[in-house]
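From first to last, the protein sequence lines are chains A and B.
Take the first sequence: its letter number 103 is residue 684 in my numbering, and every next letter is one higher.
Take the second sequence: its letter number 175 is residue 172 in my numbering, and every next letter is one higher.
One or more hints might be untrue.
Here chain B is said to cover these stretches of chain A; the calculated rule only asks that three of the stretch's residues, wherever they fall, bring their Cβ under 8 Å from a Cβ of chain B [claimed, not checked]:
1. 590 to 596
2. 660 to 667
3. 676 to 685
Quick partial rundown of chain A residues pointing at chain B, CB under 8 Å, derived from the structure [unchecked claim]:
4. V621
5. P624
6. P627
7. I653
8. Q655
9. M698
10. P699
11. L713
Calculated from the structure, these hints are not laboratory results.
Virtual Cβ for every residue (Gly too), placed ideally from N, Cα, C.
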Amino acid sequence: MSEPRSKKPLPRPTPETQHFWDGTLAGELRLQRCEDCSKVYFPPRPFCPACASRSVEMFTASGLGTLHSYVINQRAMPDSGFEAPYSIAVIELDEGPRMMTNIVDSPQTPEALVLDMPVEVTFEKLSDDIALPLFRPKAAPSDAAGPRGAS
Amino acid sequence: MTRTRVAIVGAAETTELGKIPDLSVIGLHADAALNALTDAGLRPSDIDGVATAGESPTSIAHYLGITPSWVDGTTVGGCSFMLHVRHAAAAIEAGLCSTVLITHGESGKSRVGAGGFNRPAASLSGQFEAPFGPMGAPTMFTIPVLRYMKDLDLSIEKLANVAVVQRRWASKNPRASFRDPITVDDVLNSRMIAYPFRLLMCCLVTDGGGALILTSAERASDFPTRPVYILGGGESTETPMVSQMEDLTTSKAFRVSGQKAFESSGISHADVDHLMIYDAFAHLPIYGLEDLGFVERGEAGDFIWDGHTDEGGSLPMNTNGGGLSYMHSGMYGMYALQESVRQMRGTAPAQIDGAQISVCHGVGGMFGASGTIVMTNQPS
Ligand SMILES: [Zn+2]
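Looking at chain A on its own, in the form it has when it is part of the complex:
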């Protein structure tokens, strides 16, 4: 048993999703791929949502993607573990699937959060058992101006 360190609503893993949450705790973003039709999918389940095959494999994703859409919440509920303003975003991973997340290490403004900009995964540990996959702007390797956003 662990003491929650965050007031954020902690996910409760199920047997079908445990590998994903084990992954985030180990600093990996784990996805699944169908061994019959090659479909990469999310959220986790022990079969392929495209062809219903039970032959699926887990793999560690690149952690790279693009900002697909988002809102910036202006008011957090008291004791929610969130401080407004904060973004609630959908990322399109380079491997295909989309997932909800927060964009961090960036001003929470429309000017800084530009659709389709590259992002990379980072992990926030909420408790001994749970780390959340969050995303931050990915600095271009040759960006002379240095890393984007706050670090």
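Dock chain B with the ligand against the given chain A, drawing on the hints supplied.
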């Protein structure tokens, strides 16, 4: 047109709408049900089918003293009542029951006897959406819109204008919560809720309820009101997680439900005199107009801007003022159905002269589910 074998012969909302602190959720169901029974000249003992969402049909039937031989507790969010109408029409046609009562009640504002919003932490949305801090519909239903605005070139002004047009309809409706006219500037200067959504682009939150009574078309002329026939309908679901929509710029559930509704009713888009599209937020009529096929992809913002859904336009839409201005208890679909019935009866506050066909389209969850009903006042 194909067939009109089932009709709506009773329809009513709760006596009050807005703030009703003296009624609990089941009390709102019952108030609406009793009003609908009065509207139809029926007693609870005349009802043999019960459908509801939010409460169990068991609770509603027992509370009202009904012993049903057919029940439907389909609960897929705010469009559940569209699905109930479709299921009830099929059940009546199949002879499973003769007279169905569909009820809705929700203490959206006062929260009297109402449950919470929390999703189980082990559900997929509890694991893969809730931890990122969406706090109710204003921060969930709105997430797809920036994608739509970029891909289909929708301006914030045209999004805001949806609320402006609906407020004009609400100004004609004495039961509407908000009736003072607003401008695009008013919408764009209202408080930011969740960028890019401002307060006036979001539904209000009120208390209320509604109920419908359906029976076979052959019996419809025995009732005091003008019968409103069910011409067709559709329903579908896509995902319990808005982040998992196949495409954030179009709703698969809308497209499937709409196509089924048009196919089953045998009408074309040009036949539609009146349209309701469930508008919890300003982008929903835009998605609905496109996904139901009234306009091409990317055209809905201009279509509304050019006045086609306004008074005197070719396709009057959300003529009660909608969820943005009329009322929104949480599961608004019942009020959209009520306005379609009023328009078909010829009793709406903003009545469309000569309207014969109304399409009523609902959404459930955050683009999770959909239901569409086609009504007419013309027997076939
Ligand atoms: Zn497969």
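So, going through the hints one by one against the coordinates:
For the segment 590 to 596 of chain A, the proposed coverage by chain B is satisfied: 6 residues have a C-beta within less than 8 Å of a C-beta in that chain, meeting the threshold of three. Only residues whose C-beta sits within less than 8 Å of a C-beta in chain B count toward coverage, and the segment 660 to 667 of chain A has 5 of them, enough to reach three; the restraint holds. For the segment 676 to 685 of chain A, the proposed coverage by chain B is satisfied: 5 residues have a C-beta within less than 8 Å of a C-beta in that chain, meeting the threshold of three. Restraint check, A:V621 versus chain B: the minimum CB separation of about 14 Å is more than 8 Å; hint violated.
With 8 Å as the threshold, the beta carbon of A:P624 comes within range of chain B, its nearest partner Cβ sitting at about 5 Å, so the hint holds. Taken as an interface hint, A:P627 does not check out: its beta carbon lies about 13 Å from the nearest beta carbon of chain B, beyond 8 Å. Annotation: interface hint on A:I653 holds; nearest CB of chain B at approximately 4 Å, less than 8 Å. Interface restraint check: A:Q655 against chain B, minimum CB-CB distance 5 Å, threshold 8 Å, status holds.
Taking 8 Å as the C-beta cut-off, the interface hint given for A:M698 is violated, the closest approach to chain B being about 12 Å. Hint status for A:P699: violated, given a least beta-carbon distance of 16 Å to chain B, over 8 Å. A distance limit of 8 Å between C-beta atoms decides the matter here; for A:L713 the minimum to chain B is near 5 Å, and the interface restraint holds.
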